[in-house]
Amino acid sequence: MSPDRPEREDMAVPGSAALSRPGLRGREAELERLRALVEAVRDGEGGAIALLLGEPGIGKTVLLQETVSIARAHGFVVSHGRAEELHELAPLASLASGLLHGDPPLLSSTDFADLAGHHDQRIWLVERLAQLIEERSAGTPVLIAVDDVQWADPLSRFALSVMPARLLSSPVLWLLTGRIDPELYGQGPRTTTLPLRPLSDTALAELARDVLGGDVPTQVAELLDGAGGNPFLAAEMLTGIAASGADAPEPPERLVLGVRDRLADLRPDTLHFLRIGSVLGRAFSLADAAALCGRPASGLSAEVDEAIAAALLHDDGERLLFRHDLLRQAVYADLAPSIRRALHREAASRLVAAGRSSTDAVPHLLKSAEPGDQEAIGLLGTAATDVIAVMPDLAADLAVRALELVPPHAPMAFDVGERAIVALTRAGRYTQARDTGDTLLARQPPLDVFARLQSVLGDTLWHLDDIHELIRRSTAALAAVTDPTIRARLTARQALARSRGRDLGAARETGERALAEAERSGDREARVLALWGLGEIALNAGDCAAAAEHHTALSVFDTAFLPEEAVARIHMDDFDAARRLLRTAGDVPLRPAMLTWAQGTLNMGLGRLDDADADLVTAERLEADLHLPGNLVNIRVNRGLLAMLRGDREAAREHLDVVRATVAGRPNTGNHATHRYFEAVVADAEGDHAAAAELIRSVQRDHHFLRWRLLRPHVVQAVRIALRGGERNLAEDLAAQAAEHATRNPSVPTARGTAAHAAGLVNADRGFLERAVRILLTGPRPLPLAAASADLGRALLAAGDAAATPTLTRAHEIYAQAGADAEADRVQADLERATSRTGRRSGGRRPRLGQGWEALTASERKVARLIAAGHTNRSAAEALVVSPHTVNTHLASIFRKLSVRSRVHLARIVLAEGDAGTATGD
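Numbering (my numbering), first residue to last: 1 to 922.
Rather than coming from a laboratory, the hints here were simulated on the basis of the structure.
Hints may contain errors.
As the list claims (entries may be wrong) - Estimated spans, in silico, between C-beta atoms of each pair:
id, residue 1, residue 2, range
1, Glu-32, Gly-850, 32 to 38 Å
2, Ala-476, Gln-374, 29 to 35 Å
3, Asp-315, Ala-264, 19 to 25 Å
4, Glu-404, Gly-850, 53 to 59 Å
5, Gly-294, Asp-415, 32 to 38 Å
6, Ala-802, Phe-557, 53 to 59 Å
7, Thr-218, Pro-371, 55 to 61 Å
8, Ala-29, Thr-218, 24 to 30 Å
9, Glu-404, Arg-267, 36 to 42 Å
10, Glu-469, Glu-404, 22 to 28 Å
11, Pro-337, Ser-357, 25 to 31 Å
Note that beta-carbon positions come from the ideal geometry of N, C-alpha and C, so glycine has one too.
Let's have the full structure, built from the sequences with the hints guiding it.
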């Protein structure tokens with residue numbers, strides 16, 4: 001017996017002896033755990049994931065197939081798919097192989113056609129796919145099984161990473177097999193990982209008795225030890241022993257030689273056919289093999305029959321499959337490397353000639369193309385373009401490989417390299433994109449090519465936040481360019497970069513010139529860049545009306561920028577327009593993270609702190625799903641400020657730690673300014689007023705372009721910090737800034753009211769505070785009104801004015817309604833002084849519970865009631881006029897607070913609560 005394999009690891013759990021049978025020897029315990037998962041999901045315990053991991057031939061597929069049979073017997077709808085090694089370029093192919101071919105299929109062909117029409121919008125596609133599965137699982141549990149997930153295409157891998165969390169509460173069991181852990185992430189359902197270890201000697205002996213019958217001779221047992229506990233290798237050995245005796249080499253060499261022995265008995269045409277098949281992959285179509293053989297498919301029937309009779313192939317009715325991938329590998333390994341390479345190259349050419357897509361041909365090119373292969377370069381470039389929207393990392397790899405195949409001094413290197421820069425930037429690989437561009441520029445291209453490369457590198461440098469270098473390079477390129485389209489793009493890039501500078505007047509002139517050049521050239525990209533730059537310049541200059549105008553024009557031209565228009569409308573205090581835009585945006589499946597950020601911004605303005613926090617959590621999750629956390633600092637700073645309003649300093653410090661770690665690796669100056677402001681708020685709360693004031697000063701001094709944008713909504717808090725830190729000059733500067741902002745935006749009540757509030761604090765002038773309250777009463781934002789009312793109430797209290805009590809009461813009620821518990825407590829203390837009460841505070845905030853029904857926010861209770869009433873995430877979202885993403889965030893929080901795992905459990909709790917609240921009102 002091998003010392004690496006325990007003698008009794010195959011012992012079945014009590015009561016499961018019946019599981020031990022041919023094909024499943026030694027896997028009784030694993031199968032019992034899988035059976036338990038199936039029954040738990042069936043019985044309403046919520047979703048679950050099972051991972052079967054191990055080397056080829058270890059028995060993953062057999063266990064998956066047995067679990068599929070068990071699930072069907074328990075009434076599950078089953079999707080059983082397989083990932084293929086050479087299909088990684090086909091978006092969603094690995095999942096689709098099962099979703100469309102069940103009995104009955106989990107999805108209809110119409111459903112899938114609708115999905116395919118939006119395959120370039122990953123988040124939307126996965127959300128819609130999850131909705132369809134959720135609807136299907138409403139009355140019937142679902143099993144989604146994917147074999148060989150290590151070869152899943154990137155979009156399927158993305159879906160498998162995101163959807164289990166999205167379907168947390170639905171009766172969906174995910175069963176995945178792979179050679180390595182697929183590393184699913186996110187707050188998904190419970191995961192059971194079953195690493196399949198080698199079979200024990202006892203299991204191998206049972207396997208031998210199944211094949212040979214009777215007792216196992218000592219010589220056979222010794223030979224089986226050479227299989228390393230791998231059941232497929234052991235079965236192949238036993239088949240060979242049954243046919244020809246026990247004298248033979250040991251595996252894995254035995255498998256190759258054994259297959260070679262079988263091949264030696266085949267006719268030459270059948271042998272050639274099998275080798276062609278091994279190049280095409282484990283599963284291949286007869287038509288593809290026939291094309292590569294240079295023969296009609298109808299003329300290969302003898303070869304197919306012989307390969308099936310030799311137990312090498314299986315025909316599933318649609319494709320031919322090697323019985324196991326180890327068999328394919330054995331045939332493939334028997335080919336000389338040069339022959340393999342030539343066959344892969346020929347396969348690519350034949351597939352293209354047969355009208356197949358680049359995604360079918362490119363996997364073969366990656367194994368065969370050599371430098372100078374122009375067909376391969378073109379096909380790789382086409383494939384990169386085809387998949388860039390949905391699989392940007394793969395597109396970048398393909399574009400880089402195409403560039404590697406271009407001879408160093410070939411003129412086409414610049415065109416191919418430009419596509420590589422674009423793909424690398426799209427994939428977030430900014431440093432590699434810049435380095436690729438610099439390598440091309442070092443070859444001293446013609447001037448127009450130089451300008452074109454600098455234009456695409458402008459996007460790269462923007463994401464690297466290297467504004468100085470972006471301006472330097474675009475200036476040099478503008479001096480060389482003759483193409484009016486490239487000139488317009490470069491000018492627009494300069495305008496966008498100069499929005500970060502001190503001279504915003506000059507930046508505006510550049511933006512207007514860029515827009516005029518874009519309109520003359522008719523170039524869409526230049527126009528988008530110019531309008532975007534003008535919008536950014538207006539925001540940074542504090543001109544809300546101009547920002548709204550430019551962003552409206554931009555979103556009309558390109559709906560992807562609709563969230564920016566919504567945020568610009570929020571800055572104008574035009575909350576009704578912002579609401580309409582965000583509702584419209586729900587039908588536009590673009591940039592969901594930014595849409596959710598805009599919704600969070602609106603909810604913060606409305607004083608709905610719990611909803612705003614849920615939106616920010618959702619936006620962060622959506623960015624994490626895409627591995628592009630560009631807005632993480634802003635999200636965490638705002639969540640930290642919300643935590644401070646609630647009085648949860650521990651949570652605020654946790655958010656601050658994330659911000660510190662993020663800005664350490666990201667040069668974005670806006671991020672650093674936002675970070676410093678948050679540091680100032682925390683330092684001030686902890687009593688370090690001097691340090692807090694200095695941080696505010698540094699934002700004013702070092703980040704001029706953010707004077708309007710960052711401090712506009714926080715200027716009153718910044719004034720307070722400056723005054724507490726003894727920095728009166730800084731406080732006066734901030735108040736003057738607020739006054740200038742009000743002058744620029746006379747139609748915005750918050751701008752005028754905040755300016756009056758800041759002036760009232762700096763000058764200790766009750767008249768300014770009264771004016772601030774009057775103005776803010778006409779606006780849509782409750783929290784600035786509460787802050788001004790609180791300060792006015794304190795001033796009235798100090799003067800002995802009886803009007804202090806109603807003024808403070810209004811502030812307290814607004815804060816309490818918003819959930820700003822820390823501020824409500826401060827005002828409560830002032831109210832007690834105003835009414836001459838001492839002792840225990842009757843109206844103080846209750847500590848927030850972490851668990852139980854009372855821990856749920858008002859929005860979470862609404863979601864809980866809707867889900868308990870039978871709504872899907874989508875229908876609940878429609879009822880509440882929010883996105884399904886936000887409903888999913890609420891559900892995850894509800895499940896955590898109530899310690900439940902399924903909709904069934906949630907419904908029981910809602911029923912037991914029996915409170916009078918309705919689904920859409922609390």
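Structure-based check of all given hints:
no. : hint                             : in the structure
1   : Glu-32 with Gly-850: 32 to 38 Å  : holds (36 Å)
2   : Ala-476 with Gln-374: 29 to 35 Å : holds (32 Å)
3   : Asp-315 with Ala-264: 19 to 25 Å : holds (23 Å)
4   : Glu-404 with Gly-850: 53 to 59 Å : holds (54 Å)
5   : Gly-294 with Asp-415: 32 to 38 Å : holds (34 Å)
6   : Ala-802 with Phe-557: 53 to 59 Å : holds (57 Å)
7   : Thr-218 with Pro-371: 55 to 61 Å : holds (57 Å)
8   : Ala-29 with Thr-218: 24 to 30 Å  : holds (28 Å)
9   : Glu-404 with Arg-267: 36 to 42 Å : holds (41 Å)
10  : Glu-469 with Glu-404: 22 to 28 Å : holds (26 Å)
11  : Pro-337 with Ser-357: 25 to 31 Å : holds (27 Å)
Checked against the numbered hints given earlier, this structure breaks none of them.
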